[in-house]
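Protein chains in written order, with my numbering: chain R, 1 to 388; chain P, 1 to 130.
Worth flagging that the hints you see were computed from the coordinates, not collected in a lab. None of these values were measured; they are calculated from a predicted model. Beta carbons: idealized from backbone N, C-alpha and C, even for Gly. Honestly, I wouldn't trust all of these hints.
Derived pair list, reagent style DSBU-like, types lysine-lysine, alpha-carbon separation capped at 30 Å [said to hold, decoys possible]:
1) R/K249 / P/K4
2) R/K249 / P/K112
3) R/K305 / R/K4
4) R/K249 / P/K7
5) R/K249 / P/K22
6) R/K44 / R/K249
Just the calculated beta-carbon pair ranges, DEER-fashion [said to hold, decoys possible]:
7) P/G120 / R/R73: 46 to 52 Å
8) P/G27 / R/G158: 23 to 29 Å
9) R/R73 / P/E5: 55 to 61 Å
10) P/G25 / R/D251: 45 to 51 Å
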Amino acid sequence: MTIKGKACIAGVFEHPTRKAVDKSVVQLHAEVAKGALEDAGLSKHDVDAYYCAGDAPGLGPLSMVDYLGLKVRHIDSTDVGGSSYLVHVSHAAQAIAAGKCNVALITLAGRPRAEGQATGTAPRNFGATADTPFEFPFGSATVNMYAMAAMRHMHEYGTTSEQLAWIRVAASHHAQHNPNAMLRELVTVEDVVNSPLIADPLHRLDCCVVSDGGGALIVTRPEIARSLKRPVVKILGAGEAVKGQMGGKVDLTYSGAAWSGPIAFEEAGVKPADIQYASIYDSFTITVLMQLEDLGFCKKGEGGKFVSDGNLISGVGKLPFNTDGGGLCNNHPSNRGGMTKVIEAVRQLRGEAHPAVQVRDCGLALAHGTGGSLGTRHGSATLILAKE
Amino acid sequence: MTVKERKIPSPTAYPETEAFWKAAGEGRLLVKHCNACGEYHHFPRSLCPFCFSEQTEWRNASGQGVIYSYSVMRRVEVPYVIAYVTLDEGVTVMTNIVDCDPEAVRIGQRVKVKFQATDGGPPVAMFTPA
Chain R
1 MTIKGKACIA GVFEHPTRKA VDKSVVQLHA EVAKGALEDA GLSKHDVDAY YCAGDAPGLG
61 PLSMVDYLGL KVRHIDSTDV GGSSYLVHVS HAAQAIAAGK CNVALITLAG RPRAEGQATG
121 TAPRNFGATA DTPFEFPFGS ATVNMYAMAA MRHMHEYGTT SEQLAWIRVA ASHHAQHNPN
181 AMLRELVTVE DVVNSPLIAD PLHRLDCCVV SDGGGALIVT RPEIARSLKR PVVKILGAGE
241 AVKGQMGGKV DLTYSGAAWS GPIAFEEAGV KPADIQYASI YDSFTITVLM QLEDLGFCKK
301 GEGGKFVSDG NLISGVGKLP FNTDGGGLCN NHPSNRGGMT KVIEAVRQLR GEAHPAVQVR
361 DCGLALAHGT GGSLGTRHGS ATLILAKE
Chain P
1 MTVKERKIPS PTAYPETEAF WKAAGEGRLL VKHCNACGEY HHFPRSLCPF CFSEQTEWRN
61 ASGQGVIYSY SVMRRVEVPY VIAYVTLDEG VTVMTNIVDC DPEAVRIGQR VKVKFQATDG
121 GPPVAMFTPA
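In isolation and in its complexed conformation, chain R is listed as follows (with noise of 0.2 Å):
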């Protein structure tokens, strides 16, 4: 069985908030639902599945359903940190294809700014875990594990800081145009190597925001999707591995996309050189080069290479990537940049991006998720989408 162009993505909303001082991570989740199910055209009673993630309060489905007001008959609180989102998008669409449900909300939301998260420096307790005895003491925070990625990527490829840097230039591109977007200043190659160094090789504009906020999907049948007043988005194919340390045989040099990309491009019958956006999960600069290259939009070794001289930028490179300033720029609700990645590229194959940025008839998108950590264990899912 295939899901291809058995499900489509009929809403999207991003939640234009970026701190949250007087709403609770309840009140986000209720709020970005039903602004996507508005943006679908579809009601509360037509959800008959609901999914989410790590970032919803207590047993997850169990509170929120009960919140919501739900009657649902498929759930999933698939966990894979940031890349959940992709993960719960292909899940519903084999969830739809086997007649389990009709109209899934995927949600997220989080205020980890308003809580004052030390988000990428404080070491990180994964409690009893069997690996946290044997990382946690030393200090294994988000942006030194990231950081490790990056500095053994320079060592075996070359890679420099200011390649890095254009990934962060390149969103700023974006961001300008965002006015919701956290950082709307326009950056180069020097700002970027020029700002403090927090985890050597990455400094502090190689590093994604700290944000509240959120977003939701709803994923449906074609035939519904048809039915309502917004362009079709089908899903194509989709992809989801988890990498970690392999028993020790620790490899830095490649992320779990080279698992899950060959996947969802298999099963949606195309190939990197035929995709017009990319939305690319964007922690830090150093995941958008590995993603890029372990996706096979380049080769390996040659990110580099790649992200230079605006090659990200729309209008102006070859990949158009992160159009709404990404998790660099614009936001990362909850620490999880999953989300945004496929509401950016919905907007892009809907031709509903900011006309600065949209890609002239955008047709065919990826999305990428990495969720939890490159330096050690982490979720990867890709979706290739495409306007009907």
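Given chain R, put chain P in place with the hints provided.
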């Protein structure tokens, strides 16, 4: 001048890894070896992650290795060097590089184990230039 020291959190010992932490307390670094497939692995498990055999046993590691990757964490109260070190036995372990100039740390550098006290628990294996 007082040099601030980073407090090292105590690692939790589970039944599966009690022997590892007991040995660490005696200044010995252990690594798990599978007698069925012949592979070393890390972090230690009771089941071999390569072949799922229960025939895993603790071996004394040489305590020598090479830096695979590292990063100097700077935006914290007490900067530190986190690293992955590939032991001569072949497994790569997360650690800190200590007792050296952080600016001089390099990938490929030879290092040797140095056990460091933790906050109320067994010591953990850190590394220093060999």
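Would you mind confirming whether the straight-line C-alpha gap from R/K44 to R/K249 stays at or under 30 Å?
Status violated; Cα separation ~48 Å.
Could one say that the CB atoms of P/G120 and R/R73 fall in the range 46 to 52 Å?
With Cβ atoms ~50 Å apart, the hint holds.
Hinted pair, alpha-carbon criterion (30 Å max): R/K249, P/K7. Please report holds or violated.
holds, 29 Å
Mind checking the alpha carbons of R/K249 and P/K4 for me, to see if they're no more than 30 Å apart?
Violated, at roughly 34 Å.
Does the Cβ-Cβ separation between P/G25 and R/D251 fall within 45 to 51 Å?
violated, 32 Å
Are R/R73 and P/E5 spaced within 55 to 61 Å by their CB atoms?
holds, 57 Å
If you draw a straight line from the CA of R/K249 to the CA of P/K22, is it 30 Å or shorter?
holds, 25 Å
With a cut-off of 30 Å on the C-alpha distance, tell me whether R/K305 and R/K4 pass.
violated, 33 Å
Taken at face value, is the distance from the CA of P/K112 to the CA of R/K249 at most 30 Å?
holds, 19 Å
Assessment of proposed distance window 23 to 29 Å (beta carbons of P/G27, R/G158):
The hint (23 to 29 Å, Cβ to Cβ) is violated, given that P/G27 and R/G158 are roughly 40 Å apart.
Violated hints, in rising order: 1, 3, 6, 8, 10; the structure is consistent with all others.
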